[in-house]
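Heads up: the sequence lines are chains B and H, in that order. The numbering used here applies: residue 3 is where the first sequence begins, and numbers increase by one. The numbering used here applies: residue 2 is where the second sequence begins, and numbers increase by one.
These are computed hints drawn from the structure, not numbers from a lab. Misleading hints may appear alongside valid ones.
[Unchecked claim] SDA-like, lysine to any residue: derived pairs with alpha carbons at most 25 Å apart:
#  : chain 1 : residue 1 : chain 2 : residue 2
1  : B       : 117       : H       : 243
2  : B       : 134       : H       : 229
3  : B       : 134       : H       : 225
4  : H       : 167       : H       : 110
5  : B       : 132       : H       : 226
6  : B       : 117       : H       : 24
7  : B       : 134       : H       : 43
8  : B       : 117       : H       : 20
9  : B       : 132       : H       : 31
10 : B       : 134       : H       : 42
11 : B       : 134       : H       : 27
12 : B       : 118       : H       : 25
13 : B       : 134       : H       : 224
14 : H       : 89        : H       : 128
15 : B       : 117       : H       : 239
16 : B       : 134       : H       : 28
17 : H       : 112       : H       : 72
18 : B       : 117       : H       : 237
19 : B       : 132       : B       : 180
20 : B       : 21        : B       : 31
21 : B       : 134       : H       : 30
22 : H       : 112       : H       : 284
23 : B       : 117       : H       : 29
[As the list claims (entries may be wrong)] Simulated coverage check for chain B against chain H, where a stretch passes if three residues somewhere in it have a Cβ under 8 Å from a Cβ of chain H:
#  : stretch
24 : 85 to 97
25 : 105 to 111
All C-beta atoms in this analysis are idealised placements derived from N, C-alpha and C, irrespective of residue type, glycine included.
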Amino acid sequence: MIRFTNVHMQYPGGIDALKNINMHIEQGAMAFVTGRSGAGKSTLLRLIALIERHTRGQIIVNGQNLERVRRNRVALFRRNIGFMFQDHRLLNDRTVFDNVALPLVIAGHDHQEVKKRVQAALDKVGLLSKQKSVPVTLSAGEQQRVGIARAVVHRPALLLADEPTGNLDPALSWEIMCLFEQFNQVGVTILIASHDLEMIKRMRKRIITLREGRTLTHVSDHHGKK
Amino acid sequence: MKPKQTQTAEYGRKKSFRSLFEIWLLQHLQAIIFSLGQLCRNPIASFLTASVIGISLALPAGFFIILENTRLITAGWEGSVEITAFLKMDVDDDAAREFAKKLSGQSDIAKVDLITREQALEEYRQLSGYTHALDALDENPLPSLLLIKPALGEFSEKTAEELLNKLQAVPEIENAQYDQQWVKRLNAIIGIVQRIVLILAVFLGIAVLIIIGNTIRMLIYHRRSEIEVAKLFGATDGFIQRPFLYSGFWYGLFGGVIAWALITISLLLLQAPADSLAQLYTSNFKLIGLTIKEAFLLIFSGILLGLIGSWISVQRHLRAIEPA
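Bound-form chain B, shown alone (with noise of 0.2 Å):
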């Protein structure tokens, strides 16, 4: 699903993000990319949604080249990706079900279509009595569970989470992890990027770490095998 053979990422300014990434994560994977603030998560995140474009090496994600995904062609790419971000960036003045449908509404999906959908994805993170409601009124947890239902609503091959429980305690973080499990038991290739090291040990999932924009491949392989 994604592949990363040599992939560099210099800023410009000179400051490299990523060096020499060699990384190859399964179809229906689910998969922890991990590391200290600045080593370079979210920019590897970054490159895989095409939200920057690498410098050196080639990405392969979903079966497509990167490289040669023109920019008038970015919007199709991004379809078939789901994200969820920190501070879930949802739209205050639009109710939860609003946002979840922002995806379909994009995808030109019809009125009934997205009513079906988006009721599906609330139903599946328990917000479905929400959806006439402000995201602002709901808490911290709730919010981000309207952001994984916006990530998922459209069905995508692919979900990028960039520290999605960063702002949750214990609980609410590992209940937004089995919501994440759930929908890579039915097939989506998820890879979410955290800091919060004992939490992602314990979901027992392979666990790509990062330090200074390299991979340290031992450690990702020894919890991989686990």
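Take the given structure of chain B and dock chain H to it, following the hints.
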């Protein structure tokens, strides 16, 4: 992995043409309604913006109407332009009658009135009061006079002038003249005013573009985070710019309607005084307003300026916003 690959590569392409068209239509409808909703959410601000646009459109359109009315009045005046041709003294009344008849047969002459030497003398006698002085003369000092009304076509000024030149070359005519200078000056003034209205229209058109462009720019920055999220979830540039373009459309439309309303109200206010003035001149002059075609043209130019203004703004500001 293989089947998934092709599915992804064909994403959005595998849909039939019909359903693609339906999506396109649906998204346009959504953008139209959404942008209208945005306008209605801030009714006062939207109304103020539309009013500024309306006034900017109404000014040149109003001047245009004033010009049209002026032209209508002066067209009436030009129609009454007559050429006065004094015949030579040796042309007697019978010959003058013959000559007048000959002239009235010409295609560029609408009507010829003959004032014979006798009639002229009689008239002069009555009007001037110099009865005795005239009696003292043994010969009538006045020439025969032809009042010639040119057949005026589209470009009346030119035809009248051509006719005048022709008449002056006729041997029987001593001198032919009409108040050429006056009509020429008036037309020159109208020409200048016309040019001023044109320049004003261009300036105010640019002003409308700037107003709409700036309004859209603020809308874009106000919804920056929304644009970022939408781009992240695969929104195309077209999808993102559509509501902003429709906002420009709405501003232009409402601005045009307000301009039309302002002009209509102004004309209603002017109607009564214009009527009483016309009555004093015993003229059947009626103040003309915008025809339906012109009203549509006004509203259409509002919409066009709205779309262009928002398009420029969108091109400049929307591309710069990328998800971070």
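We went through each hint and held it up to the structure:
no.: 1; hint: B:117 x H:243; in the structure: holds (23 Å)
no.: 2; hint: B:134 x H:229; in the structure: holds (23 Å)
no.: 3; hint: B:134 x H:225; in the structure: holds (23 Å)
no.: 4; hint: H:167 x H:110; in the structure: holds (12 Å)
no.: 5; hint: B:132 x H:226; in the structure: holds (23 Å)
no.: 6; hint: B:117 x H:24; in the structure: holds (16 Å)
no.: 7; hint: B:134 x H:43; in the structure: holds (22 Å)
no.: 8; hint: B:117 x H:20; in the structure: holds (19 Å)
no.: 9; hint: B:132 x H:31; in the structure: holds (24 Å)
no.: 10; hint: B:134 x H:42; in the structure: holds (19 Å)
no.: 11; hint: B:134 x H:27; in the structure: holds (23 Å)
no.: 12; hint: B:118 x H:25; in the structure: holds (21 Å)
no.: 13; hint: B:134 x H:224; in the structure: holds (21 Å)
no.: 14; hint: H:89 x H:128; in the structure: holds (23 Å)
no.: 15; hint: B:117 x H:239; in the structure: holds (24 Å)
no.: 16; hint: B:134 x H:28; in the structure: holds (23 Å)
no.: 17; hint: H:112 x H:72; in the structure: holds (24 Å)
no.: 18; hint: B:117 x H:237; in the structure: holds (22 Å)
no.: 19; hint: B:132 x B:180; in the structure: holds (21 Å)
no.: 20; hint: B:21 x B:31; in the structure: holds (24 Å)
no.: 21; hint: B:134 x H:30; in the structure: holds (23 Å)
no.: 22; hint: H:112 x H:284; in the structure: holds (22 Å)
no.: 23; hint: B:117 x H:29; in the structure: holds (19 Å)
no.: 24; hint: 85 to 97; in the structure: holds (count 3)
no.: 25; hint: 105 to 111; in the structure: holds (count 5)
Checked against the numbered hints above, the structure violates none of them.
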